[in-house]
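Trainee: As you go down the protein sequences, you meet chains A and B in turn. Residue 1 is where the first sequence starts when you use this note's numbering, and the numbers rise one by one after that. Residue 1 is where the second sequence starts when you use this note's numbering, and the numbers rise one by one after that.
Since the hints were derived computationally from the structure, they do not count as laboratory data. Do not rely on the hints blindly, as some may be mistaken.
No copy labels: a pair is met if it fits in one copy or bridges any two.
[Stated by the list, open to error] Simulated pairs of lysine-lysine, DSBU-like, Cα-Cα distance not exceeding 35 Å:
{"id": "1", "residue 1": "Lys294", "residue 2": "Lys243"}
{"id": "2", "residue 1": "Lys250", "residue 2": "Lys130"}
{"id": "3", "residue 1": "Lys110", "residue 2": "Lys34"}
{"id": "4", "residue 1": "Lys402", "residue 2": "Lys29"}
{"id": "5", "residue 1": "Lys166", "residue 2": "Lys110"}
{"id": "6", "residue 1": "Lys243", "residue 2": "Lys255"}
{"id": "7", "residue 1": "Lys344", "residue 2": "Lys130"}
{"id": "8", "residue 1": "Lys255", "residue 2": "Lys166"}
{"id": "9", "residue 1": "Lys344", "residue 2": "Lys255"}
{"id": "10", "residue 1": "Lys29", "residue 2": "Lys110"}
Protein chains: 2
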Amino acid sequence: MPVNLTAPVAELLLPVAGVSLGIAQANIKRENRKDLLVMQLCDGARVAGVFTQNRFCAAPVIVAREHLAHAEGIRALVVNTGNANAGTGEQGLRDARTSCAALAGVLGCKATQILPFSTGVIMEPLPVAKIAAGLPGAVANMRADNWYDAAQAIMTTDIVAKATSKQITIDGAIITITGIAKGSGMIHPNMATMLGYIATDAAIAQPLLQAIVSEAANRSFNCITVDGDTSTNDALMLIATGKAAMTEVKAADSKAGKALQAAISEVAIFLAQAIVRDGEGATKFIIVQVEGGKNEAECKQIGYAIARSPLVKTAFFASDPNLGRILAAIGYAGINDLDVANLKLYLDDVLVADNGGRAASYREEDGQRVMQQSDITIRVALNRGVANATLWTCDFSYDYVKINASYRS
Amino acid sequence: MPVNLTAPVAELLLPVAGVSLGIAQANIKRENRKDLLVMQLCDGARVAGVFTQNRFCAAPVIVAREHLAHAEGIRALVVNTGNANAGTGEQGLRDARTSCAALAGVLGCKATQILPFSTGVIMEPLPVAKIAAGLPGAVANMRADNWYDAAQAIMTTDIVAKATSKQITIDGAIITITGIAKGSGMIHPNMATMLGYIATDAAIAQPLLQAIVSEAANRSFNCITVDGDTSTNDALMLIATGKAAMTEVKAADSKAGKALQAAISEVAIFLAQAIVRDGEGATKFIIVQVEGGKNEAECKQIGYAIARSPLVKTAFFASDPNLGRILAAIGYAGINDLDVANLKLYLDDVLVADNGGRAASYREEDGQRVMQQSDITIRVALNRGVANATLWTCDFSYDYVKINASYRS
Chain A
1 MPVNLTAPVA
11 ELLLPVAGVS
21 LGIAQANIKR
31 ENRKDLLVMQ
41 LCDGARVAGV
51 FTQNRFCAAP
61 VIVAREHLAH
71 AEGIRALVVN
81 TGNANAGTGE
91 QGLRDARTSC
101 AALAGVLGCK
111 ATQILPFSTG
121 VIMEPLPVAK
131 IAAGLPGAVA
141 NMRADNWYDA
151 AQAIMTTDIV
161 AKATSKQITI
171 DGAIITITGI
181 AKGSGMIHPN
191 MATMLGYIAT
201 DAAIAQPLLQ
211 AIVSEAANRS
221 FNCITVDGDT
231 STNDALMLIA
241 TGKAAMTEVK
251 AADSKAGKAL
261 QAAISEVAIF
271 LAQAIVRDGE
281 GATKFIIVQV
291 EGGKNEAECK
301 QIGYAIARSP
311 LVKTAFFASD
321 PNLGRILAAI
331 GYAGINDLDV
341 ANLKLYLDDV
351 LVADNGGRAA
361 SYREEDGQRV
371 MQQSDITIRV
381 ALNRGVANAT
391 LWTCDFSYDY
401 VKINASYRS
Chain B
1 MPVNLTAPVA
11 ELLLPVAGVS
21 LGIAQANIKR
31 ENRKDLLVMQ
41 LCDGARVAGV
51 FTQNRFCAAP
61 VIVAREHLAH
71 AEGIRALVVN
81 TGNANAGTGE
91 QGLRDARTSC
101 AALAGVLGCK
111 ATQILPFSTG
121 VIMEPLPVAK
131 IAAGLPGAVA
141 NMRADNWYDA
151 AQAIMTTDIV
161 AKATSKQITI
171 DGAIITITGI
181 AKGSGMIHPN
191 MATMLGYIAT
201 DAAIAQPLLQ
211 AIVSEAANRS
221 FNCITVDGDT
231 STNDALMLIA
241 TGKAAMTEVK
251 AADSKAGKAL
261 QAAISEVAIF
271 LAQAIVRDGE
281 GATKFIIVQV
291 EGGKNEAECK
301 QIGYAIARSP
311 LVKTAFFASD
321 PNLGRILAAI
331 GYAGINDLDV
341 ANLKLYLDDV
351 LVADNGGRAA
361 SYREEDGQRV
371 MQQSDITIRV
381 ALNRGVANAT
391 LWTCDFSYDY
401 VKINASYRS
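Take these sequences, add in the hints, and give me the full structure.
Mentor: Here it is as structure tokens:
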């Protein structure tokens with residue numbers, strides 16, 4: 001079950017002026033579930049995004065990149081679950097383009113003004129006819145207050161829908177930001193290991209929009225891992241409709257630019273953490289803080305060695321303070337000049353290890369107490385610099401194996 | 001249960017002239033099990049080895065390296081299971097040296113002529129008094145034909161003992177090679193992710209001995225992974241007693257040097273594969289062949305991305321040909337100029353993917369047939385060079401989680 005994460009309350013998800021959402025049941029993988037989402041954008045809305053770095057990136061990722069580059073004004077996004085359209089070669093590209101053309105026909109715009117996204121099983125042909133058949137229904141029920149259903153429509157192995165809203169004030173205007181995301185397995189950043197959509201009614205210049213979404217991804221989705229597997233379909237899209245009563249923001253270092261970056265990053269971090277809390281089979285939410293490094297890269301490298309270790313993750317599942325496994329992971333992280341005698345390891349407030357071994361003050365019952373919690377912080381103080389990094393991960397349980405051994409059945 | 005691996009037959013393990021083995025029950029972690037091994041070497045025996053690259057390397061690894069560098073002639077090795085003496089700081093170093101001194105006292109040699117090894121739980125103090133108390137008994141029952149018991153005495157979560165013997169002829173002399181190893185979890189090479197001891201009665205010059213053991217490790221233990229966790233205690237030791245009726249071999253490229261390298265590598269590969277076949281929770285043995293790469297490093301990088309992927313490993317556990325997960329792993333392996341349209345993926349003899357997607361000839365029932373096997377080859381043809389690499393791994397099952405969630409209890 002998700003770790004300290006409940007489903008969003010539909011009424012608390014705020015509409016974003018200029019964005020309408022329509023959902024359909026297209027029977028892509030299973031019958032009788034919402035599996036198709038159309039997000040229609042107002043004229044003048046701007047879109048920026050970051051995509052997976054996986055070399056086997058999915059056909060919709062390639063097509064979405066192309067269409068964003070066209071810069072003719074994106075009018076809609078179409079998202080299907082149940083099939084990733086990844087590892088599908090030329091046919092996959094044709095299918096992604098056909099989906100865009102089908103939606104363009106319904107909406108009366110060009111196919112290049114549509115961004116396609118897919119998530120689900122890899123290396124199976126996209127049932128593009130089912131998607132085309134589902135689109136008119138999705139468009140017919142388009143509403144501005146449909147964010148909760150939208151979050152549900154993009155789920156795969158997710159247990160709860162992931163969505164949040166936030167409002168800030170810029171020069172007296174109320175700015176709304178609402179975001180949704182999906183993801184539970186095949187979660188390891190580079191970039192974003194899932195699908196995420198954040199929309200705001202703020203007016204943001206295109207170059208700044210791209211800068212904001214890249215920074216938000218780096219501070220959120222690029223700091224999580226469930227199983228170390230980087231997806232073929234990751235995408236985080238940021239939409240700015242410009243409907244709010246404000247002057248367009250162009251500079252990242254302006255007061256409004258900073259406020260937008262902070263608020264959008266906050267929404268992205270909430271969604272990224274929600275993905276980990278709903279990680280496949282998760283029973284614990286684990287925060288890995290590595291501080292005092294020479295640079296952020298080595299902090300992340302050590303953090304990920306810990307966060308990816310099956311031995312560390314199974315120990316957390318068992319609430320067993322077998323914390324030597326964390327030392328082993330630090331040791332094999334690949335930092336060749338690391339002096340292990342200088343570092344300190346903490347579990348929440350408990351000093352576990354220093355001087356290359358177990359701390360003299362450490363008592364098993366203190367470790368045991370922290371291991372019983374559902375939210376746990378592993379803190380590694382490297383004492384060799386001033387850089388730091390924080391990652392989020394979950395434990396590794398029977399249910400992870402169960403979910404992934406039966407994913408296609 | 002181990003995959004196509006049965007316990008060795010004690011009678012088929014050949015004594016190596018110049019090596020005697022004694023076993024004791026020292027009650028290090030549990031009562032009433034063999035947990036202490038002493039290997040005594042004849043005067044003039046040479047020893048070379050490779051050790052873990054983990055920065056948190058265990059105290060016995062540090063001390064064994066020191067004692068090997070002394071080059072006063074190693075007279076014995078002492079191995080305990082049940083406690084790794086890793087993450088134990090200065091006290092751990094003192095304990096490892098105390099173990100050596102205790103055995104030196106019994107045998108009448110210097111402490112620096114003893115090599116210590118430990119395996120088991122990390123970050124708990126070594127019960128050095130129990131080891132010292134057990135040594136006289138181990139020395140008292142010293143025998144040349146004790147290899148089977150020796151293999152049993154070093155096991156931790158291993159289900160079956162791992163040992164093999166081989167004989168070759170060099171210039172008319174029969175040369176014997178016998179090796180034992182332990183390891184089942186925390187298995188990921190760099191080097192050797194386990195303990196392995198190979199002894200031969202061949203006469204091999206010290207520099208060649210080191211070259212042979214390094215090459216054998218690279219071709220065997222450095223090609224396996226169970227869970228991606230590199231141990232703090234890995235060591236592979238090669239002993240050459242020189243008792244065979246042959247001239248000392250000095251040159252790696254001599255006929256005898258090549259024959260010894262091939263035979264010793266073969267023993268090392270058998271033991272390395274045995275570790276994977278007995279990998280924690282393993283139900284499948286998976287051979288990952290990556291060929292046609294620009295260099296061996298990129299072949300290993302792609303091979304390990306596949307071999308470490310929890311999603312690939314759970315699909316194999318389920319016998320589910322969800323083979324898109326292999327494409328995803330290839331895609332995130334970090335080869336930035338990889339053209340995925342050029343590669344081919346095979347499962348045994350079945351062509352699964354080409355041209356960036358599922359092969360036209362691929363049928364689900366063919367993939368399903370291969371997935372039912374207990375030994376399976378994943379072959380990736382990169383078509384961008386002439387280098388290749390072969391790795392061995394196992395699947396990921398409920399039992400892996402069970403074993404590692406309850407390891408200390």
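Trainee: Looking back at the hints listed earlier, which ones does the structure fail to meet?
Mentor: 1, 2, 9
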